[in-house]
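J.: Chains as they are written, first to last, in our numbering: chain A, 1 to 150; chain B, 1 to 183.
No wet-lab data here; the hints were simulated from the structure. Do not rely on the hints blindly, as some may be mistaken.
Some chain A residues flagged as far from chain B (calculated, every beta-carbon gap over 12 Å) [as the list claims (entries may be wrong)]:
(1) PRO34
(2) ARG41
(3) LEU89
Capping the alpha-carbon separation at 20 Å, the derived lysine to any residue pairs in SDA-like fashion look like this [unchecked claim]:
(4) B:LYS104 x B:ARG128
(5) A:LYS66 x B:ALA29
(6) A:LYS66 x B:ARG128
(7) B:LYS168 x B:GLY178
(8) B:LYS104 x A:PRO63
(9) B:LYS113 x B:MET85
(10) B:LYS38 x B:GLU177
(11) B:LYS90 x B:LEU167
(12) B:LYS38 x A:ALA87
(13) B:LYS38 x A:LEU10
(14) B:LYS38 x A:ASP95
(15) A:LYS66 x B:LYS113
(16) A:LYS66 x B:ASP132
(17) A:LYS66 x B:CYS74
(18) A:LYS66 x B:GLY178
(19) A:LYS66 x B:LYS175
(20) B:LYS175 x B:GLU37
(21) B:LYS38 x A:ASP91
(22) B:LYS38 x A:LYS66
(23) B:LYS38 x A:GLU26
(24) B:LYS104 x A:ASP67
(25) A:LYS66 x B:GLN173
(26) A:LYS66 x B:ALA125
(27) A:LYS66 x B:LEU167
(28) B:LYS38 x A:TYR96
(29) A:LYS66 x B:GLN126
(30) B:LYS38 x A:GLY94
(31) A:LYS66 x A:GLN55
One side only, chain A facing chain B, incomplete, derived with CB under 8 Å [claimed, not checked]:
(32) ALA35
(33) GLU37
(34) VAL50
(35) LEU71
(36) ARG92
(37) GLY94
(38) TYR96
Here a beta-carbon is modelled for each residue, glycine too, at the ideal position from N, C-alpha and C.
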Amino acid sequence: MTKFLAVLTLTLGAALAALPPAAAVEPDEELSNPALEARARDISRQLRCVVCQSQSIDDSNAPLAKDMRILVRERLTAGDSDEEIYAYLVDRYGDYVLLNPPVQSNTIVLWAAPLLIFLVAGASAFFYLARMRRDARAAAALTGNDEAAH
Amino acid sequence: MSRLIFLAPLVLFIVLGGYFAIGLTRDPARIPSVLIEKPLPEFDLPPIEGFEKGFASSDLKGEVALINVFASWCVACGIEHPMLMEIAAKEDVLIAGLDWKDPKGGGARWLAKNGNPYAFVGDDAQGRTAIDLGVTGAPETFVVDHAGRIRYKQIGPITPQIWRDTLKPLVEQLKSEGEAARD
């Protein structure tokens, strides 16, 4: 019985995880060109809804997010590149509108911190283990001497 | 010396904790505007229903002005409105209104009911000019100087205290800058 429940839970969980996340895009917003629409969706997932903040404009159903989705699609239809669309919104809302912070002088600490922490932790662990091994060897040598003395 | 290294995690924790504690005191809704010190974006908005004149960026030429983003659906705008009426009546500063994403006639009904503090009102039904201004919510108020540059953005309602301590001194400073430039 428990086994059955476990299998059921896993199956349901996997099925739910496989579903695409709920998007807020409404049918009247969608572009008829599937390639452009796919680009619009990708760009929308990278842009922060400035009202709800923790959602992308693709996820949010705030009116301002809808306006921004329509704007993204208009610019795409007008032939803008992805970079031009990001630049357009950054000019108006700042880097804050990007969910993925760009690597630049004021974010370098943010980007470098994980690597730095990994290096420092790795180096500490290496030296700590090296010392433990040395101590263990010294202790073994001592016991060896004791035995030799018998 | 080698004992001190065991204090390192504690020091790191205190430093990070300090940063996070400062971060918690900040209001995440206050996104600093990137348009400060930049020229006001150009726009030419149609009038709201029943009005003859709309609101264009060129209307503010040479004036120190407040641009107030409002909407009839915005609850906080109702709290702010009496303050705007008072500024319009008592103070020497031009106030322009940007009616943001209001249903047709909503802005006009709002002004008929609450009074009209604005020298110009523009209808931004699509919300496109609001995006050009980096608006994140209503009410927001931009302070524009005589050279047409955005100098300040007030997020949320103008309270009597904000007007007295922040906006009024700024408007007076910008007016004297404008006069100095004219001389």
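J.: Work down the list of hints and note, for each, if the structure agrees.
T.: A quick look at each hint next to the structure:
In this structure PRO34 (chain A) is separated from chain B by more than 12 Å, as the shortest Cβ-Cβ distance comes to about 26 Å. With a least beta-carbon separation of about 19 Å from chain B, ARG41 (chain A) lies farther than 12 Å from that chain, consistent with its non-interface assignment. Not every C-beta of chain B lies more than 12 Å from that of LEU89 (chain A), the closest at about 8 Å, which undercuts listing it as non-interface. With a C-alpha separation of about 16 Å, the suggested pair LYS104 (chain B) and ARG128 (chain B) falls inside the 20 Å cut-off, and the hint holds.
A hinted pair counts as satisfied when its Cα atoms are at most 20 Å apart, and LYS66 (chain A) with ALA29 (chain B) qualifies at roughly 19 Å. For the hint pairing LYS66 (chain A) with ARG128 (chain B), the CA-to-CA distance comes to about 11 Å; that is within 20 Å, so the pair holds. Proposed proximity of LYS168 (chain B) and GLY178 (chain B) is supported: the alpha carbons are some 15 Å apart, at most 20 Å. Between LYS104 (chain B) and PRO63 (chain A) the CA atoms are separated by roughly 16 Å; this keeps the pair inside 20 Å, and the hint holds.
Restraint check for LYS113 (chain B) and MET85 (chain B): satisfied, since their Cα atoms lie roughly 12 Å apart, inside the 20 Å limit. In summary, the hint linking LYS38 (chain B) to GLU177 (chain B) is supported, as the alpha carbons are separated by about 16 Å, within the 20 Å threshold. About 14 Å separates the Cα atoms of LYS90 (chain B) and LEU167 (chain B), which keeps this hinted pair within 20 Å; it holds. Between LYS38 (chain B) and ALA87 (chain A), the direct Cα distance comes to roughly 16 Å. Compliance with the 20 Å bound is thereby established for this hinted pair.
With a C-alpha separation of about 55 Å, the suggested pairing of LYS38 (chain B) with LEU10 (chain A) is violated against the 20 Å cut-off. Restraint check for LYS38 (chain B) and ASP95 (chain A): the C-alpha separation of about 16 Å stays at or below 20 Å, so the hint holds. Among the hinted pairs, LYS66 (chain A) with LYS113 (chain B) is inconsistent with the structure: their alpha-carbon atoms are about 30 Å apart, more than 20 Å. Taking the CA atoms of LYS66 (chain A) and ASP132 (chain B), the gap is near 15 Å; set against the 20 Å cutoff, the hint holds.
For the suggested pair LYS66 (chain A) and CYS74 (chain B), the alpha carbons sit about 18 Å apart, so the restraint of at most 20 Å is met. Between LYS66 (chain A) and GLY178 (chain B), the direct Cα distance comes to roughly 39 Å. Violation of the 20 Å bound is thereby established for this hinted pair. Under the criterion of a C-alpha separation no larger than 20 Å, the hint pairing LYS66 (chain A) with LYS175 (chain B) is inconsistent with the structure, at around 38 Å. Restraint check for LYS175 (chain B) and GLU37 (chain B): the C-alpha separation of about 16 Å stays at or below 20 Å, so the hint holds.
Using a Cα cut-off of 20 Å, the hinted pair LYS38 (chain B) and ASP91 (chain A) holds, with the two alpha carbons roughly 11 Å apart. The hinted pair formed by LYS38 (chain B) and LYS66 (chain A) fails the criterion: a straight-line CA distance of about 26 Å is larger than 20 Å. In summary, the hint linking LYS38 (chain B) to GLU26 (chain A) is not supported, as the alpha carbons are separated by about 35 Å, beyond the 20 Å threshold. For the given pair, LYS104 (chain B) sits about 17 Å from ASP67 (chain A) by alpha-carbon distance, which is consistent with the 20 Å threshold.
Our distance criterion of 20 Å between C-alpha atoms is broken by LYS66 (chain A) and GLN173 (chain B), whose separation comes to about 39 Å. Among the hinted pairs, LYS66 (chain A) with ALA125 (chain B) is consistent with the structure: their alpha-carbon atoms are about 13 Å apart, no more than 20 Å. Note on LYS66 (chain A) and LEU167 (chain B): the hinted pairing is violated, with a Cα-Cα distance of about 32 Å set against a maximum of 20 Å. With a C-alpha separation of about 18 Å, the suggested pair LYS38 (chain B) and TYR96 (chain A) falls inside the 20 Å cut-off, and the hint holds.
With a C-alpha separation of about 11 Å, the suggested pair LYS66 (chain A) and GLN126 (chain B) falls inside the 20 Å cut-off, and the hint holds. Using a Cα cut-off of 20 Å, the hinted pair LYS38 (chain B) and GLY94 (chain A) holds, with the two alpha carbons roughly 13 Å apart. Restraint check for LYS66 (chain A) and GLN55 (chain A): satisfied, since their Cα atoms lie roughly 13 Å apart, inside the 20 Å limit. Proximity of ALA35 (chain A) to chain B is violated relative to the hint, the smallest CB-CB distance being about 25 Å (cut-off 8 Å).
Interface hint at GLU37 (chain A): violated, since its Cβ lies 21 Å from the closest Cβ of chain B, which is beyond the 8 Å cut-off. The closest approach between the C-beta of VAL50 (chain A) and any C-beta of chain B is roughly 4 Å, which is under the 8 Å cut-off, so the hint is satisfied. Nearest Cβ of chain B to the Cβ of LEU71 (chain A): about 6 Å, under the 8 Å cut. The hint holds. Contact between ARG92 (chain A) and chain B, as hinted, is supported at the beta carbon level, the nearest pair being about 4 Å apart and thus within 8 Å.
For GLY94 (chain A), the shortest C-beta to C-beta distance to chain B is roughly 4 Å, which falls under 8 Å, so the interface hint holds. Satisfaction of the interface hint for TYR96 (chain A) is found here, the shortest Cβ-Cβ separation to chain B being roughly 5 Å, below the 8 Å cut-off.
Of the hints listed earlier, those the structure fails to meet are numbers 3, 13, 15, 18, 19, 22, 23, 25, 27, 32 and 33, in rising order.
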